[in-house]
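Next come the chains, spelled out residue by residue.
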Amino acid sequence: MSEASRLMRASARILQDYEIDGKRARELAEEVERLTGTVRRGSAGLAFEDEPSRFLAAQYAGRPRARGGKR
Amino acid sequence: MSGDLTALTVTELAGLIRRRKVSAIEAVEASLAQVARWQPRLNSFIEIEADAARRAARRLDRALARSGPVGPLHGVPLAHKDMFYRKGKVCSAGSKIRRDWVAPYTATVMARLEAAGAICLGRLHMAEFAADASGHNAEFGPCRNPWNPAHIPGGSSGGSGASVAARAVFAALGSDTGGSVRLPAAANGVIGLMPTYGRVSRYGAIPRAWSLDHVGVLSHTALDAARIARVIAGEDPEDATTSRLPVPNYEAAAKRGIKGLRIGVAAGAFAKGVAPEVAKLLEESLTVLKSRGARLVPVEMPDPLPLFAFNDLILKCEGATVHGRWLHERPGDFSVFLRKRLEGGLLIPATHYLAAMSWRARALADFLATVMDKVDAVHTPVIPIPVPTLREMNPNRATPEMLNKVAALANFTRWTNYIGVPAITVPCGFTKNGLPASFQIVTRPFDEETLFATAHAYQEATDWHTMAPALPRAARA
Numbered sequence: 001m002s003e004a005s006r007l008m009r010a011s012a013r014i015l016q017d018y019e020i021d022g023k024r025a026r027e028l029a030e031e032v033e034r035l036t037g038t039v040r041r042g043s044a045g046l047a048f049e050d051e052p053s054r055f056l057a058a059q060y061a062g063r064p065r066a067r068g069g070k071r
Numbered sequence: 072m073s074g075d076l077t078a079l080t081v082t083e084l085a086g087l088i089r090r091r092k093v094s095a096i097e098a099v100e101a102s103l104a105q106v107a108r109w110q111p112r113l114n115s116f117i118e119i120e121a122d123a124a125r126r127a128a129r130r131l132d133r134a135l136a137r138s139g140p141v142g143p144l145h146g147v148p149l150a151h152k153d154m155f156y157r158k159g160k161v162c163s164a165g166s167k168i169r170r171d172w173v174a175p176y177t178a179t180v181m182a183r184l185e186a187a188g189a190i191c192l193g194r195l196h197m198a199e200f201a202a203d204a205s206g207h208n209a210e211f212g213p214c215r216n217p218w219n220p221a222h223i224p225g226g227s228s229g230g231s232g233a234s235v236a237a238r239a240v241f242a243a244l245g246s247d248t249g250g251s252v253r254l255p256a257a258a259n260g261v262i263g264l265m266p267t268y269g270r271v272s273r274y275g276a277i278p279r280a281w282s283l284d285h286v287g288v289l290s291h292t293a294l295d296a297a298r299i300a301r302v303i304a305g306e307d308p309e310d311a312t313t314s315r316l317p318v319p320n321y322e323a324a325a326k327r328g329i330k331g332l333r334i335g336v337a338a339g340a341f342a343k344g345v346a347p348e349v350a351k352l353l354e355e356s357l358t359v360l361k362s363r364g365a366r367l368v369p370v371e372m373p374d375p376l377p378l379f380a381f382n383d384l385i386l387k388c389e390g391a392t393v394h395g396r397w398l399h400e401r402p403g404d405f406s407v408f409l410r411k412r413l414e415g416g417l418l419i420p421a422t423h424y425l426a427a428m429s430w431r432a433r434a435l436a437d438f439l440a441t442v443m444d445k446v447d448a449v450h451t452p453v454i455p456i457p458v459p460t461l462r463e464m465n466p467n468r469a470t471p472e473m474l475n476k477v478a479a480l481a482n483f484t485r486w487t488n489y490i491g492v493p494a495i496t497v498p499c500g501f502t503k504n505g506l507p508a509s510f511q512i513v514t515r516p517f518d519e520e521t522l523f524a525t526a527h528a529y530q531e532a533t534d535w536h537t538m539a540p541a542l543p544r545a546a547r548a
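Sequences listed follow chains A and B, in order. If you're matching positions, the first sequence starts at 1 in this note's numbering and goes up one per residue. If you're matching positions, the second sequence starts at 72 in this note's numbering and goes up one per residue.
The set of hints was computed from the structure by calculation and includes no laboratory data. Treat each hint with caution, since some may be false.
Said to hold, decoys possible - One-sided and incomplete, this derived list gives chain B residues near chain A with beta-carbon spacing under 7 Å: (1) W430; (2) G491; (3) P516; (4) P543.
Stated by the list, open to error - Calculated cross-link-like contacts (lysine-lysine; reagent style BS3-like; alpha-carbon spacing at most 27 Å): (5) B:K476 x B:K503; (6) B:K343 x B:K361; (7) A:K23 x B:K476; (8) B:K503 x B:K361; (9) B:K411 x A:K23.
Backbone N, C-alpha and C fix where the C-beta goes; we use that ideal spot for every residue, glycine too.
The whole structure should be built from the sequences, with the hints applied where relevant.
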């Protein structure tokens with residue numbers, strides 16, 4: 001069993017009664033790898049000041065300032 | 072008034088009721104008759120609340136006679152995706168788990184619609200916990216497309232799209248986490264509005280993924296969506312993510328025209344994977360917008376796929392959190408399809424979730440700096456292929472071909488949820504299989520006015536929104 005699969009199974013044990021068998025654990029390992037791969041590559045470019053709350057600030061900063069949608 | 076009331080728009084019907092040419096009870100009876108004709112064919116309602124709707128209509132007719140209209144939707148029959156709480160009423164979220172669950176309080180959007188005089192005809196079909204775009208539902212059976220019941224109505228607000236297209240209701244609310252308002256709107260040939268993240272309260276709307284959820288509107292016209300959006304939008308102390316910005320008069324904005332408006336024509340990744348017959352209809356819609364005075368500007372769009380992936384990861388993590396207790400206690404009460412979609416979220420490290428959340432500001436800033444500095448709005452595909460059949464999209468037969476189609480459905484919608492910008496989909500014709508096609512307009516955050524202006528200008532020059540699917544002869548009586 002791969003390291004990723006062992007991690008999946010260990011995580012699953014945290015949820016009592018939530019059973020993930022070996023085959024499903026392998027499928028999930030692949031899915032999690034697919035999901036996290038893009039983010040992992042992107043996160044290398046994140047800076048100290050990047051944090052989730054900046055999103056709302058970016059929204060307000062990006063709104064149109066004049067009627068008609070033009071800035 | 073003679074003639075078919077269900078052919079009217081929200082604004083037309085509300086005007087007639089206000090001028091006492093039509094009563095609310097007449098409007099409700101016309102809608103209920105249409106619901107009765109279509110329901111056996113579509114399964115777009117989970118519950119029809121005929122008696123309650125009639126009582127509300129009579130109450131509103133008395134109020135009109137006594138003191139005038141209570142609001143801009145006085146007497147207009149609507150119905151909504153079955154995920155908005157109304158105190159004392161069942162709210163199933165399309166699920167077995169909440170099939171008989173009674174809401175302890177009322178969603179802000181439901182309270183605002185009622186205060187504006189709207190009447191609720193019932194609870195509309197939706198994907199189990201708003202998590203699928205096909206219209207399939209293991210607990211309630213599939214919802215179908217009124218243009219051809221063999222085809223999907225889209226989702227997850229499939230009942231909203233099908234009911235509005237069939238003119239069983241005048242408009243409906245839905246929710247959009249990756250395209251769940253816009254996809255069913257496009258599949259059924261109606262307007263689909265997804266407002267800016269934070270523009271409309273989600274209080275009392277069951278979450279799919281908090282950071283990505285938007286409450287939206289499905290209607291026949293941009294003016295109808297504008298009227299309803301003005302009613303439901305605005306700050307809500309019960310939802311801390313709502314914006315304090317004032318809500319503009321969207322209907323007035325819709326009528327301001329688009330002369331000189333710079334509309335970006337999405338190129339690059341947004342031109343790939345679009346079926347030729349859909350591409351042709353999109354081209355024709357651009358010609359119409361140009362004829363109305365818009366300036367078309369080719370723009371290179373950011374690749375939507377990384378944004379799709381970020382959205383997917385957030386969706387999985389938040390979805391697994393929302394449903395974590397039930398995954399633990401009642402795993403067998405989820406469909407296999409949904410349980411498999413949620414499980415992955417239990418296993419994603421928090422650091423990756425937070426990285427995906429942290430990238431949102433960068434992705435939005437990049438879109439604003441590289442695209443929206445050149446244009447006022449962007450024109451994109453919505454569903455890039457002819458609307459598929461229910462058989463092709465059966466979640467119990469998950470072939471690689473089906474999974475490709477599922478991914479293709481939301482390729483052009485999910486990225487907007489990730490960066491929180493508003494979008495509207497507008498029907499622009501039919502593909503060879505007789506199913507509708509639509510284009511999408513995207514603008515800056517909080518610039519719904521430009522969405523409405525563009526969509527209204529297009530609808531003034533075209534008549535796609537006046538077309539209605541036909542019932543079989545035997546069902547017309």
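Structure-based check of all given hints:
1. W430: Cβ of W430 (chain B) sits 6 Å from chain A, so the hint holds.
2. G491: Where the cut-off is 7 Å and the nearest Cβ of chain A is about 6 Å from G491 (chain B), the hint holds.
3. P516: Holds - the Cβ of P516 (chain B) comes within 7 Å of chain A, reaching about 4 Å at its closest.
4. P543: Cβ of P543 (chain B) sits 43 Å from chain A, so the hint is violated.
5. B:K476 x B:K503: 18 Å, holds
6. B:K343 x B:K361: 23 Å, holds
7. A:K23 x B:K476: 25 Å, holds
8. B:K503 x B:K361: Roughly 25 Å separates the two Cα atoms, so the pair holds.
9. B:K411 x A:K23: 13 Å, holds
Checked against the numbered hints above, the structure violates only hint 4.
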